[in-house]
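Given the coordinates of chain U, assemble chain E onto it according to the supplied hints.
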Amino acid sequence: MSSFVCNFPFITILASLFSGAASSVIPGKWARRWNKLLLVIIAILSFVTMRYSWKLGTYYTYSMGHFPAPWGNEIRVGVLETFMAMFFSLLMLLCLMGGEAEREREIEESKQNLYYVLADLLISSLLSLIYTNDIFTAYVFVEINTLAACGLIMIRQYGRTMEAATRYLIMNLLGSGLFLLGICFLYDITGHLLMSNMRAVVDEIVKQGTYTVPLIISLGLMVVGLAIKTALYPFHAWVPDAYGYSTLSSSALLSALVSKGYVFLLIKIIMRVIGFDFVSKTSVSNVLFIYGLIGMMMGSINAIRQKDIRRMLAYSSVAQMGYIYMGLDLGTEVGIVAAIFHIISHMATKAMLFVAAGGLAAASGDHKEFAYLRGAAYRNKMAGLAFLSGALSMIGLPLFSGFISKLLFAQASMDQGYKMFFALAAIAISTILNTIYFMKAVMIIYTPIYSEEKNRIGGRIIYVKDQAMKVCVFAAFIAIDLVLGLFSEPIVSLLTIGIQMFG
Amino acid sequence: MDIMHLAGNYAEAVSMILFGIGFTNLLLQKNLIRKIIGLNFMDTSIYLFLALKGYIYGRKAPVVVDGVKSMEAYINPIPSGLVLTGIVVSVSVTAVMLSLTIRLYRKYHTLNMDEITTIINRGEE
Numbered sequence: 017m018s019s020f021v022c023n024f025p026f027i028t029i030l031a032s033l034f035s036g037a038a039s040s041v042i043p044g045k046w047a048r049r050w051n052k053l054l055l056v057i058i059a060i061l062s063f064v065t066m067r068y069s070w071k072l073g074t075y076y077t078y079s080m081g082h083f084p085a086p087w088g089n090e091i092r093v094g095v096l097e098t099f100m101a102m103f104f105s106l107l108m109l110l111c112l113m114g115g116e117a118e119r120e121r122e123i124e125e126s127k128q129n130l131y132y133v134l135a136d137l138l139i140s141s142l143l144s145l146i147y148t149n150d151i152f153t154a155y156v157f158v159e160i161n162t163l164a165a166c167g168l169i170m171i172r173q174y175g176r177t178m179e180a181a182t183r184y185l186i187m188n189l190l191g192s193g194l195f196l197l198g199i200c201f202l203y204d205i206t207g208h209l210l211m212s213n214m215r216a217v218v219d220e221i222v223k224q225g226t227y228t229v230p231l232i233i234s235l236g237l238m239v240v241g242l243a244i245k246t247a248l249y250p251f252h253a254w255v256p257d258a259y260g261y262s263t264l265s266s267s268a269l270l271s272a273l274v275s276k277g278y279v280f281l282l283i284k285i286i287m288r289v290i291g292f293d294f295v296s297k298t299s300v301s302n303v304l305f306i307y308g309l310i311g312m313m314m315g316s317i318n319a320i321r322q323k324d325i326r327r328m329l330a331y332s333s334v335a336q337m338g339y340i341y342m343g344l345d346l347g348t349e350v351g352i353v354a355a356i357f358h359i360i361s362h363m364a365t366k367a368m369l370f371v372a373a374g375g376l377a378a379a380s381g382d383h384k385e386f387a388y389l390r391g392a393a394y395r396n397k398m399a400g401l402a403f404l405s406g407a408l409s410m411i412g413l414p415l416f417s418g419f420i421s422k423l424l425f426a427q428a429s430m431d432q433g434y435k436m437f438f439a440l441a442a443i444a445i446s447t448i449l450n451t452i453y454f455m456k457a458v459m460i461i462y463t464p465i466y467s468e469e470k471n472r473i474g475g476r477i478i479y480v481k482d483q484a485m486k487v488c489v490f491a492a493f494i495a496i497d498l499v500l501g502l503f504s505e506p507i508v509s510l511l512t513i514g515i516q517m518f519g
Numbered sequence: 204m205d206i207m208h209l210a211g212n213y214a215e216a217v218s219m220i221l222f223g224i225g226f227t228n229l230l231l232q233k234n235l236i237r238k239i240i241g242l243n244f245m246d247t248s249i250y251l252f253l254a255l256k257g258y259i260y261g262r263k264a265p266v267v268v269d270g271v272k273s274m275e276a277y278i279n280p281i282p283s284g285l286v287l288t289g290i291v292v293s294v295s296v297t298a299v300m301l302s303l304t305i306r307l308y309r310k311y312h313t314l315n316m317d318e319i320t321t322i323i324n325r326g327e328e
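Sequences listed follow chains U and E, in order. Heads up: the first sequence begins at 17 in this note's numbering, then just goes up one per residue. Heads up: the second sequence begins at 204 in this note's numbering, then just goes up one per residue.
Warning: the hint list may mix true and false statements.
[Unchecked claim] What follows is a list of derived Cβ distance ranges for each label pair: (1) Glu120(U) x Glu215(E): 51 to 57 Å; (2) Gln173(U) x Ile206(E): 52 to 58 Å; (3) Leu510(U) x Val294(E): 40 to 46 Å; (4) Lys233(E) x Leu423(U): 44 to 50 Å; (5) Glu505(U) x Ala254(E): 50 to 56 Å; (6) Lys52(U) x Glu275(E): 52 to 58 Å.
[As the list claims (entries may be wrong)] Here are the simulated lysine-lysine pairs, DSSO-like style, with alpha carbons at most 30 Å apart: (7) Lys127(U) x Lys310(E); (8) Lys323(U) x Lys310(E); (9) Lys256(E) x Lys297(U); (10) Lys384(U) x Lys310(E).
[Unchecked claim] Incomplete in silico selection of chain E near chain U, CB under 8 Å: (11) Leu230; (12) Lys238; (13) Lys256.
Treat the hints as calculated values from the structure; they're not laboratory data. All values derive from a computational prediction rather than experimental measurement. Ideal Cβ positions, reconstructed from N, Cα and C, are used throughout, including at glycine.
Looking at chain U on its own, in the form it has when it is part of the complex:
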């Protein structure tokens, strides 16, 4: 128990927090190098912790300042948490490397290091959201996450990003207000702040049947708050601007990591704080299920209408968020596993798509509109390949990770009565809609162009040797996608064991 490995999760959180502070006073180049090293260190330490927890066969808690359970603050570490921490840090590394050229160009020289302050704070808050066992700490880091994400949007300073950042901040503040109110209600009912202690009292309350209404209200407030922050369908208005106009690596980070951190917190609340059995019996779960389904449709329909590749990807994220909420509220633990698999699959795929879209735009005179992207895949072959494989994964072609997550969702929906019918129908329709807009995009970028159109678009050919780092990033993304698609069985069993430890 008292192995040194136990300290690693806390060390990773603290190291990223202090790196954020230190990056504000060192030059941008060194901040960038340190950030890369930090993310690699976090990934390695998380992997070591995961192996330790796997061998231990159970989770362990780590109390801050050696105050015992009901009073002190603690973090709780299991297989699932460490796996997510590893995946988050690796993905963040790839996103930052993939958008490096655009970032250096679009952000002022004097503000380069500030980007890494925000990135370090972001990974620190994500790690805390993953590991923490204290609900108020979770709230504080939700806010840090929001502020860091807002900074990532507005660091590329022109009108659109400032407006997008303001809208993003307003919507997220509404979300965190509701979340905080939900926490306060729950604290009022249970008298605890640690999630495991809360759970004991919640079980008692559910058994006695008193205070059920306040419990449902507090659950509803927390869920709606996090749903606003994760851009579930009716709350998605801020998404297209925030993802569409910020610098490339910010878009990738926002869609791949930031929203997933909140979803992970939501899963934690459902599984650990309130209890899965109670949640799946309440109407909150049904409401979320319905909005998840509507989100899957509306996100895709809106994506079809977009003329800008980045905005199309943003709406596609809204649709994928719908999938995740559908999985969470199917009422089976298999559904939760499917949702988590979709989280990691979507993280890898959407980050790849954003970086690839950036590469395609760079080969078309920095235009993101489809009218200019014609033939872009021939001008930047590697980005075209990455976009193609990302699109195929999103559609759900076998070989790629998207197929496995759709398969898992379909399996999870079996024997769920009316929910099965709706879930299967929604998956089928949404697959068709996905195919429409992703294939449209792929066909446009693979349409050869001739001389007169070449003059209009005015793009340039980008060779592999001009973008060595991006090519490595694309290769890594495609490899991750294929590994998730081809060797899904060990990963799914790891997630299943992780979820059992998690609850």
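Okay, now just chain E, sitting in the frame of chain U:
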């Protein structure tokens, strides 16, 4: 019966009404400054709620003076701690919101969010 409950907990009811006012203002006002005021209303109402939950009638703030160390003499200190943490969070969030507002005002000479969106969509970068 329910009305009696509500009357007995009138302070909590007030804090929820304030939360509603703040939330609606943050969501629906077009003027950015009014939005920020709404945000502060919303946060403060939650602190009121927390402070009420920690208060025990007839007891003192949890600061040890005159050597009184009995637990019975003081109110629950945890909600006060949470309020302090919450205030720190809300101050920093408000600061970021205000700085964004200043930047938008300098660029577009208006505080109306809808007007700003219209200007941006007209393409006057």
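Evaluation of the provided hints:
At about 53 Å, the beta-carbon gap between Glu120(U) and Glu215(E) stays in the expected band of 51 to 57 Å. Between Gln173(U) and Ile206(E) the beta carbons are some 54 Å apart, a value that agrees with the proposed interval 52 to 58 Å. Distance hint for Leu510(U) and Val294(E): a CB-CB separation of about 42 Å, consistent with the stated range 40 to 46 Å. Checked against the hint of 44 to 50 Å, the C-beta distance between Lys233(E) and Leu423(U) comes to roughly 47 Å, which is consistent with it.
Our hint of 50 to 56 Å for Glu505(U) and Ala254(E) holds, since their Cβ atoms are close to 53 Å apart. In this structure the supplied range 52 to 58 Å holds for Lys52(U) paired with Glu275(E), their Cβ-Cβ distance being about 56 Å. Only pairs whose Cα atoms come within 30 Å are accepted, and Lys127(U) paired with Lys310(E) is accepted, the gap being roughly 20 Å. Distance restraint check for Lys323(U) and Lys310(E): the Cα-Cα separation of roughly 27 Å lies within the 30 Å cut-off, and the hinted pair is therefore satisfied.
With a CA separation close to 29 Å, the supplied pair Lys256(E) and Lys297(U) stays within the 30 Å bound. Simply put, Lys384(U) and Lys310(E) have alpha-carbon atoms about 25 Å apart, close enough for the 30 Å limit, and the pair holds. Look at Leu230(E): its Cβ gets to within about 6 Å of chain U, closer than 8 Å, so that hint holds up. Checking Lys238(E) against chain U by beta carbon gives a least distance of about 6 Å; that is within 8 Å, so the hint holds.
Using the Cβ-Cβ criterion of 8 Å, the hint placing Lys256(E) at the interface with chain U is satisfied: the shortest such distance is roughly 5 Å.
The structure shown violates none of the earlier numbered hints.
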